[in-house]
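J.: Could you put the whole structure together from the sequences, leaning on the hints where they help?
Those sequence lines, one after another, are chains A and B.
The first sequence begins at 3 in my numbering and counts up by one.
The second sequence begins at 2 in my numbering and counts up by one.
Hints in this document: simulated from the structure, not taken from any laboratory.
Please read these numbers as outputs of a predicted model, since none were measured by experiment.
The C-beta atom is built at its ideal place from N, Cα and C for all residues, glycine as well.
Possibly wrong hints are sitting among the right ones.
[To be verified] If you only want the chain A side, here are some residues facing chain B, beta carbon under 10 Å, derived: (1) F24; (2) W29; (3) S35; (4) A37; (5) W49; (6) L55; (7) R71; (8) F74; (9) M138; (10) V146; (11) F151; (12) M157.
[Unchecked claim] Here are the simulated EDC-like cross-link-like pairs (lysine to aspartate or glutamate), alpha carbons at most 16 Å apart as the crow flies: (13) K159(A) / E43(B); (14) K109(A) / E47(B); (15) K189(B) / E224(B); (16) K119(A) / D155(A); (17) K119(A) / D14(B); (18) K156(A) / E106(A).
[To be verified] Stretch by stretch, here's where chain A covers chain B in the computed footprint (C-beta under 8 Å, at least three residues): (19) 41-48; (20) 57-65.
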Amino acid sequence: MFSRRKDRQFTLLVEAWSADLFRYAVWLCRDRSLAEELVQETFLRAWKGIDSLKDPAATRSWLITILRRELFRVHGKAKLAISDVDTADLIDPDFHQGVGLTMELRKALDSLPDDYKEPLLLQILGGFSCEEIADMTDSSKGAVMTRLFRARDKMRKFLEASSSEEFMENQT
Amino acid sequence: MNCLEFRRLVTIDPRTRDKEALEHRRQCASCDAMYQRTMATETLLERAVNVGVPNNLGSNILARHYAEHTSRTRAWKRISLNAIAASLILAAGVGLGMKFSGSASNALPYYVLQHVYDELPLLTSTRPMDPASLQKTLREEHLKISHIENLKYAGACAFRNGRSVHMVVQGEAGPVTVLLMPEETVKKRMTISDPRFTGIISPAPHGSLAVIGEKQEPIEKVEHQIRQEVQWL
Ligand SMILES: [Zn+2]
Ligand SMILES: [Zn+2]
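T.: Now the structure itself:
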């Protein structure tokens with residue numbers, strides 16, 4: 003029923019992109035088990051559509067687009083319910099490894115409005131250009147640039163205000 | 002490109018390959034300094050964004066995919082709502098726990114539970130063990146296991162900063178997770194509880210031992226069994 007070649011292509015896809023997709027999902031839904039489900043579902047859909055994927059260079063943005071669609075399909079309710087809980091500590095069970103500043107930065111990142119956070123994640127995690135981000139998020143390049151500017155400006159101000167010793171070390 | 006344009010562009014996209022921007026940086030010392038500062042920040046941001054990924058994420062996805070993808074087109078909604086519900090309850094429980102504790106070692110039950118949730122498929126896994134890497138880890142962590150009753154899975158896992166030996170044994174109420182954590186020292190016995198699981202973490206001759214099972218599981222019994230069967234060398 004399944005061709006060997008499709009299996010191999012799919013395995014490569016999962017191995018290459020599951021970690022990045024997971025990170026992206028966990029930042030947006032703030033929930034590791036839900037993020038894992040989302041990545042699983044994304045690959046399920048990717049499997050079905052894999053034959054239509056012509057341009058290997060577009061694989062990543064294609065996967066992200068599928069994941070976003072799944073996220074918004076199930077996220078609405080979860081978002082409302084989660085907002086009462088202090089989620090900052092739940093992002094990552096390894097957060098203690100991100101000692102001091104990394105943890106503070108994660109909280110700061112997490113506190114950005116989704117409109118700002120998402121393009122920033124796509125840029126840092128995925129290395130996407132403003133044009134690609136605009137495509138993926140159904141917005142204009144100009145709007146993406148404005149959001150990135152504000153998101154990064156907020157993060158910069160946060161860092162400047164932080165008197166953490168680790169930051170001082172990193173600056174020298 | 003003037004200084005203002007350069008700074009706006011670099012703020013938006015520090016890794017820009019814009020030719021005019023590169024040229025401006027070469028000619029303008031103060032903008033180059035601004036660029037260097039921005040890149041230092043970028044490194045910190047990258048580190049913050051790169052949260053840990055569950056162990057075996059890729060292989061779990063592939064295993065589940067090939068096991069289920071023929072019959073699960075409609076199952077997603079149910080699965081995802083369950084996942085949301087489970088994690089919300091966990092979130093609430095952990096939130097409370099965190100308020101009471103605060104110190105790093107008191108957070109260990111949380112990491113243990115999260116590890117069990119991260120690797121939930123192991124509870125029902127029928128995939129083969131990896132005896133070679135398991136034996137290697139056991140040797141390096143000065144542990145010895147000759148025979149474990151009702152063992153369903155055993156493997157080596159990354160856990161926080163160190164390693165753990167992750168086992169699943171069949172208990173009376175369902176599969177029971179056993180984690181041998183040579184690098185996690187606890188002073189006294191701790192209990193773990195969330196809406197689904199119950200368990201303990203207790204000191205071992207070196208490091209500690211966690212046993213987590215379904216709510217009705219007689220955890221002490223499994224713990225006793227494991228203490229008989231594992232040798233801390
Ligand atoms: Zn300049
Ligand atoms: Zn494990």
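J.: If a hint holds in the structure, say so; if it does not, say that too.
T.: To see whether the hints hold, each was checked on the structure:
1. F24: 5 Å, holds
2. W29: At about 7 Å, which falls below the 10 Å cut-off, the nearest Cβ of chain B leaves the hint on W29(A) intact, so it holds.
3. S35: 5 Å, holds
4. A37: Since the shortest Cβ distance to chain B is 9 Å, the answer is holds.
5. W49: Holds, because the Cβ-Cβ distance from W49(A) to chain B comes to roughly 6 Å (cut-off 10 Å).
6. L55: Constraint on L55(A) not satisfied, violated at 17 Å.
7. R71: Cβ of R71(A) sits 12 Å from chain B, so the hint is violated.
8. F74: Because about 12 Å separates F74(A) from the closest Cβ in chain B, which is outside the 10 Å limit, the hint is violated.
9. M138: Since chain B brings no Cβ nearer than about 16 Å to M138(A), farther than 10 Å, the hint is violated.
10. V146: Holds, because the Cβ-Cβ distance from V146(A) to chain B comes to roughly 9 Å (cut-off 10 Å).
11. F151: 5 Å, holds
12. M157: 6 Å, holds
13. K159(A) / E43(B): Cα-Cα ~13 Å, so holds.
14. K109(A) / E47(B): Measuring from Cα to Cα gives roughly 14 Å; hence the hint holds.
15. K189(B) / E224(B): 15 Å, holds
16. K119(A) / D155(A): Holds, at about 12 Å.
17. K119(A) / D14(B): Holds: K119(A) and D14(B) sit about 14 Å apart, inside 16 Å.
18. K156(A) / E106(A): Satisfied, since the Cα-Cα distance of roughly 13 Å is no more than 16 Å.
19. 41-48: holds (count 8)
20. 57-65: Three-residue rule met by the stretch 57-65 of chain B, so holds; n is 6.
When held up to the earlier numbered hints, the structure conflicts with 6, 7, 8 and 9 and fits the remainder.
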